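Visitor: Sequence:
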Amino acid sequence: MNNKYALFFDIDGTLVSFNTHQIPPSTIFALTQAKANGHKVFISTGRPPIIMNNLGAIEHLIDGYVTINGALCYIGDQTILSRDIPRDVVDFIVEDSLSHNHSLFVVGEKDMAAVDPHGEIATIFGEGLGIKNLNMAKPLNEVLKQRIFQLTPFFNEEYESKLAGRIHNCTFARWHPDFIDITAKGADKGEGILAIARHMGLDRQQTIAFGDGGNDVAMIETAGIGIAMGNAFDVAKNAADYITTSVDDDGILNAMRHFKLI
1423 MNNKYALFFD IDGTLVSFNT HQIPPSTIFA LTQAKANGHK VFISTGRPPI IMNNLGAIEH
1483 LIDGYVTING ALCYIGDQTI LSRDIPRDVV DFIVEDSLSH NHSLFVVGEK DMAAVDPHGE
1543 IATIFGEGLG IKNLNMAKPL NEVLKQRIFQ LTPFFNEEYE SKLAGRIHNC TFARWHPDFI
1603 DITAKGADKG EGILAIARHM GLDRQQTIAF GDGGNDVAMI ETAGIGIAMG NAFDVAKNAA
1663 DYITTSVDDD GILNAMRHFK LI
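For the sequence shown, the residue numbers in the working numbering are 1423 to 1684.
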């Protein structure tokens, strides 16, 4: 690709506004121009494929996907990387969540399950993130028969610190104060973008990552250029090489112009 780049975009709060649940027109324009200029466009999200329901406006521009915080990466029908959580960790988190009446979102190889005793998943994922297909969730016992790529228990940072020493070979990523994403060790967005880059024959310096949350820190630090949105968590901003404006204030467009990608 020579001076062309592989561009990796988080979805929520980066490509998609938390306010409108839409991709701003300026972002659609920027990605269209970037593709026309020979750059590659990749999604890098905490969402599993089954709930990536808000990319219709740019779907034709996307070259590949880093999903489930790097636990499942693919280009077309080809899987580039997949890592599931050790079964003993799955059993421990599920048992702990059920015994403490915590909400829990479980992402399996094919399906997802939602244990939602307090309505938190419906409120935060459904209303807050605009996810419309939570009704596709399957019974927990059915999903647990599959390889599990991600567990999202709903508890705060204090409770997380109590459990951390009892959970091995896993990666923790928090992009919301009420819950945490747990994936297998080495399954994070940084490893995901490196796997895609290797598959594409690209050097790390030919990657640029855009993000806003705690689960974006690994890819912001790993990419040749890491960009944080103006609306990003401080931890993402502190990791970034450059901070652009917010998703609702033409952040993607402004960053692309700054780095002369368009």
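Bear in mind the hints are in silico, worked out from the structure with no lab data behind them. Misleading hints may appear alongside valid ones.
[As the list claims (entries may be wrong)] Label pairs and their calculated CB-CB ranges:
1) Phe1514 x Ile1665: 16 to 26 angstroms
2) Asn1475 x Gln1455: 17 to 27 angstroms
3) Gln1455 x Ser1583: 43 to 53 angstroms
4) Ser1521 x His1482: 44 to 54 angstroms
5) Arg1679 x Ser1521: 48 to 58 angstroms
6) Lys1560 x Phe1681: 18 to 28 angstroms
7) Lys1532 x His1680: 37 to 47 angstroms
8) Gly1478 x Pro1508: 34 to 44 angstroms
9) Leu1585 x Asp1485: 30 to 40 angstroms
10) Thr1545 x Glu1582: 13 to 23 angstroms
11) Phe1681 x Phe1440: 19 to 29 angstroms
12) Asn1578 x Asn1459: 38 to 48 angstroms
13) Pro1508 x Pro1447: 13 to 23 angstroms
All values derive from a computational prediction rather than experimental measurement. Backbone N, C-alpha and C define an ideal beta-carbon position, used for all residues, glycine too.
Visitor: Each hint: holds or not?
Guide: Taking the hints in turn, this is what the structure says about them:
| no. | hint | result |
| --- | --- | --- |
| 1 | Phe1514 x Ile1665: 16 to 26 angstroms | 38 angstroms, violated |
| 2 | Asn1475 x Gln1455: 17 to 27 angstroms | 25 angstroms, holds |
| 3 | Gln1455 x Ser1583: 43 to 53 angstroms | 44 angstroms, holds |
| 4 | Ser1521 x His1482: 44 to 54 angstroms | 46 angstroms, holds |
| 5 | Arg1679 x Ser1521: 48 to 58 angstroms | 52 angstroms, holds |
| 6 | Lys1560 x Phe1681: 18 to 28 angstroms | 43 angstroms, violated |
| 7 | Lys1532 x His1680: 37 to 47 angstroms | 41 angstroms, holds |
| 8 | Gly1478 x Pro1508: 34 to 44 angstroms | 36 angstroms, holds |
| 9 | Leu1585 x Asp1485: 30 to 40 angstroms | 37 angstroms, holds |
| 10 | Thr1545 x Glu1582: 13 to 23 angstroms | 20 angstroms, holds |
| 11 | Phe1681 x Phe1440: 19 to 29 angstroms | 24 angstroms, holds |
| 12 | Asn1578 x Asn1459: 38 to 48 angstroms | 44 angstroms, holds |
| 13 | Pro1508 x Pro1447: 13 to 23 angstroms | 44 angstroms, violated |
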